[in-house]
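There are 2 protein chains.
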Amino acid sequence: MTMANFSTSETTAPANAPDAPPANSRERVSAFLKTLQDEICQKLAEVDGQSTFQEDSWVREEGGGGRSRVIKNGGIFEQGGVNFSEVWGKDLPPSILVQRPEATGHGFYATGTSMVLHPRNPYIPTVHLNYRYFEAGPVWWFGGGIDLTPYYPFAEDAKHFHQTLKAACDRHHSEYYPTFKLWCDEYFFLKHRQEPRGVGGIFFDYQDGRGKLYQGPNPQGPAAVHSDTIGIPAQRTWEDLFEFVQDAGRAFLPAYVPIIERRRGMAWGDRERHFQLYRRGRYVEFNLIYDRGTIFGLQTNGRTESILMSLPPMVRWEYSYAPEPGTPEAQLYEVFLKPQDWVNWQDA
Amino acid sequence: MTMANFSTSETTAPANAPDAPPANSRERVSAFLKTLQDEICQKLAEVDGQSTFQEDSWVREEGGGGRSRVIKNGGIFEQGGVNFSEVWGKDLPPSILVQRPEATGHGFYATGTSMVLHPRNPYIPTVHLNYRYFEAGPVWWFGGGIDLTPYYPFAEDAKHFHQTLKAACDRHHSEYYPTFKLWCDEYFFLKHRQEPRGVGGIFFDYQDGRGKLYQGPNPQGPAAVHSDTIGIPAQRTWEDLFEFVQDAGRAFLPAYVPIIERRRGMAWGDRERHFQLYRRGRYVEFNLIYDRGTIFGLQTNGRTESILMSLPPMVRWEYSYAPEPGTPEAQLYEVFLKPQDWVNWQDA
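Heads up: the sequence lines are chains A and B, in that order. Taking numbering that gives the first Met the number 0, the leading residue of the first sequence gets 0, the next gets one more, and so forth. Taking numbering that gives the first Met the number 0, the leading residue of the second sequence gets 0, the next gets one more, and so forth.
Everything labelled a hint here was simulated from the structure, so no lab data went into it.
One copy or any two copies: either way a pair holds, since identical chains are not told apart in the list.
20 Å max Cα-Cα, derived EDC-like pairs, lysine to aspartate or glutamate:
(1) K71 / E38
(2) K190 / E61
(3) K33 / E242
(4) K158 / D340
(5) K89 / E134
Using the sequences plus the hints, can you model the full thing?
Below, the structure written as structure tokens:
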């Protein structure tokens with residue numbers, strides 16, 4: 000922690016108030032989030048081999064802007080978007096003020112990088128990343144996560160993904176992975192289907208170092224995070240949290256790219272494509288009905304094309320579909336669309 | 000109005016309380032809504048010529064149930080659902096109680112027929128119908144409407160559709176069509192796109208005869224309904240409103256079937272299909288983000304497969320799409336995705 004950077008005269012934060020961010024907090028977080036966007040786009044374009052990211056820079060009338068990058072019709076990616084934004088304005092929307100009433104009446108600053116990739120090969124999972132940072136009057140917080148949505152069941156992929164994220168978390172706090180893994184299972188859950196979106200990953204919100212890792216419960220979730228992690232002492236400074244977020248963001252490529260490499264050579268046909276398009280419907284349902292980032296964007300007059308970049312290029316709905324027993328599609332529902340301890344997974 | 004049917008001793012309703020419904024109100028409305036479902040399915044299967052409706056009857060754990068009918072892979076209909084439901088329970092969801100606080104603490108009864116049809120030929124518009132009836136303690140109301148979503152611009156289709164609905168409205172009250180047409184333009188509006196869903200039709204909610212045709216404004220809408228229809232005296236009895244709803248429901252087939260007949264022979268190709276799938280994305284966005292029926296269903300633990308039967312069988316999203324100037328696709332945006340006086344439309 001660089002004391003010289005403090006924007007107030009406080010040098011230690013009282014237990015019930017967040018540590019003060021450094022004076023250049025916004026520049027540092029947004030610079031990191033832009034670098035993260037750059038690193039991810041560069042590596043993914045290299046892995047794709049056929050297509051590259053096209054960038055649109057945009058300005059938000061009420062304050063701020065961003066740069067949206069889209070890859071289409073690639074060797075691996077049917078469509079994907081990696082979006083950086085940095086916005087500010089007068090009032091946070093009501094959905095956030097409920098969680099952070101101290102922000103009421105203050106202007107806000109928010110920056111984030113978010114990404115969804117929809118591969119063409121149904122054996123390669125869809126993946127999502129989002130890291131974000133907010134400041135509003137006396138409060139600030141980090142949020143975000145990474146989660147994986149496979150179409151076909153490969154336990155080794157889910158295990159590798161979770162182990163990589165756990166390693167990044169463990170370097171910062173032993174309770175991060177168990178808490179944020181459960182939070183992810185709870186958050187990426189389609190209540191109306193009683194179904195998780197995929198095999199999860201990590202998710203957290205409102206991290207300001209004030210000794211509560213978990214803010215919930217989420218009324219849409221399948222289960223509350225186990226109560227002994229709710230109130231554990233986890234006093235963290237702004238610098239601690241920023242370091243953690245950088246590490247968690249940089250865990251994305253090593254968590255995901257090896258899965259692409261393992262699956263890209265697998266041949267697929269109409270059956271797998273058909274099932275992939277059907278399952279993509281759940282992604283649309285989640286993003287439009289529940290996703291905080293989508294709702295925040297639409298409520299704050301964000302750039303609609305950038306917000307809805309997460310929607311898949313081609314999707315199918317089918318009334319009353321159910322997979323045939325004994326198929327890989329049925330196994331996805333029975334095993335992979337249930338919360339599992341992927342880090343310690345052992346094949347039966 | 001059959002006085003003998005009254006469930007209370009009141010014979011005239013005070014100006015600020017709704018007319019009392021007859022004792023058999025629920026049976027009469029649900030019987031009509033089932034007949035409407037029957038008549039529509041029978042005629043549409045005949046028009047389709049290749050496929051028929053498959054029925055699923057279902058029971059809702061908390062009370063009630065319904066019958067869902069789906070047509071797939073037909074000569075005309077790529078997919079369509081006509082759903083009847085009749086449900087009851089302890090409490091209406093908060094989104095409705097805000098509009099009808101008198102219902103707080105009372106059990107509710109709700110019945111409705113709703114329908115969305117997605118034709119395969121992009122020259123035939125998608126169409127939606129929903130009529131519903133609620134009772135909850137001291138209050139009851141009718142709601143619903145019919146609206147049209149074309150993919151290609153044919154003014155004569157929009158004009159025919161609106162004229163047919165207007166004729167049904169005009170038989171009951173001269174202010175019904177102008178008010179409910181504007182209400183429809185306001186309701187079926189995608190705020191995040193600043194775009195109507197289609198060419199509209201009629202829509203109304205909370206009709207209980209108490210002298211206000213319009214309940215609003217809808218904060219998502221493009222414009223409030225003109226103020227002189229908001230407070231006009233339109234005292235209506237339960238019987239008046241039920242007759243109007245029956246007429247409005249029966250206007251559906253004559254409003255829509257002639258459009259199918261006019262367009263079914265028109266040849267189309269990849270370009271039209273491509274555009275149709277893209278525009279269907281707006282239907283998904285509307286239904287999952289804004290639609291009251293969808294949100295009511297999901298909030299009351301309705302049958303998800305029946306609620307989401309309205310989603311199209313195949314959909315496409317494309318980042319930053321815009322039609323080429325001078326094309327029919329551009330004309331759709333420029334003329335048909337703006338509120339228009341379709342009843343009096345004159346080609347330039």
